[in-house]
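*Asks:* Could you put together the complete structure from these sequences and hints?
The sequence shown begins at 69 in our numbering and counts up one residue at a time.
These are calculated hints, taken from the structure and not from any lab test. Only a predicted model underlies this, so the values are computations on that prediction, with no experimental measurement involved. C-beta atoms are modelled at their ideal positions from N, C-alpha and C, and glycine is treated no differently. Take the hints with a grain of salt, since some may be wrong.
For each label pair, taking beta carbons as the anchor points, the in silico distance ranges come out as [what the hints assert, rightly or not]:
no.	residue 1	residue 2	range
1	Val183	Leu86	32 to 38 Å
2	Tyr117	Ser83	37 to 43 Å
3	Ser83	Ala129	18 to 24 Å
4	Arg154	Ser122	28 to 34 Å
5	Ser122	Thr89	23 to 29 Å
6	Ala88	Phe108	28 to 34 Å
7	Gly190	Glu144	36 to 42 Å
8	Ala171	Pro149	26 to 32 Å
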Amino acid sequence: MSDTVAMRRSSFSNSTVLGATVALADAAIASTSGLIIYLFYVGWSSETYLFYLSTIIIMTALLLMGLRYTGLYRFENLVNPVNVVRKIAFVTGSVFLLLIVLAFAFKVPIHFSRVMAFSWVGIIILALSVG
Numbered sequence: 069m070s071d072t073v074a075m076r077r078s079s080f081s082n083s084t085v086l087g088a089t090v091a092l093a094d095a096a097i098a099s100t101s102g103l104i105i106y107l108f109y110v111g112w113s114s115e116t117y118l119f120y121l122s123t124i125i126i127m128t129a130l131l132l133m134g135l136r137y138t139g140l141y142r143f144e145n146l147v148n149p150v151n152v153v154r155k156i157a158f159v160t161g162s163v164f165l166l167l168i169v170l171a172f173a174f175k176v177p178i179h180f181s182r183v184m185a186f187s188w189v190g191i192i193i194l195a196l197s198v199g
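*Replies:* This is the structure we're talking about:
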């Protein structure tokens, strides 16, 4: 009986570690791609870097929460990623729409690049689906 309990605990901890590792990799992909797009498309500016950096952090956090909420870090979804591409696209699109709604609600300055945001969403969907 104790062997069964030990196997369940080992299996649970392994799947939890795997899910956390994938979440960490997703955060690295999302934040790094956002920073790269900011640096090469928008360009470094002492006036806008704080705004874009906070946008990247907020969107990455919302993306991870959305992916976790939809169960994409569960073991059965991690071992069969082909079935979850639509969920990844849905969560990423929802986070992007939330970001746009918040931008309009808080009257974000005009210098916010929508092209940067669109390309970032596309890269995140592609990278998370392939990875």
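*Asks:* Does each hint fit the structure? Answer for all of them.
*Replies:* Outcome of the hint check:
As the Cβ distance of Val183 to Leu86 is approximately 35 Å, the hint placing it in 32 to 38 Å holds. Hint check: Tyr117 to Ser83, Cβ distance near 39 Å, so the stated range 37 to 43 Å holds. For the hinted restraint 18 to 24 Å between Ser83 and Ala129, the CB-CB distance of approximately 23 Å keeps it satisfied. At roughly 29 Å, the beta carbons of Arg154 and Ser122 sit within the given window of 28 to 34 Å.
For Ser122 and Thr89, the hinted distance range of 23 to 29 Å is satisfied, since their beta carbons lie about 26 Å from each other. Look at Ala88 against Phe108: about 30 Å separates their beta carbons, and that is inside 28 to 34 Å. About 27 Å separates the C-beta atoms of Gly190 and Glu144, a value inconsistent with the hinted range of 36 to 42 Å. Restraint check, Ala171 to Pro149: a C-beta distance of roughly 31 Å satisfies the suggested window 26 to 32 Å.
Violated hint: 7 only; the structure is consistent with all others.
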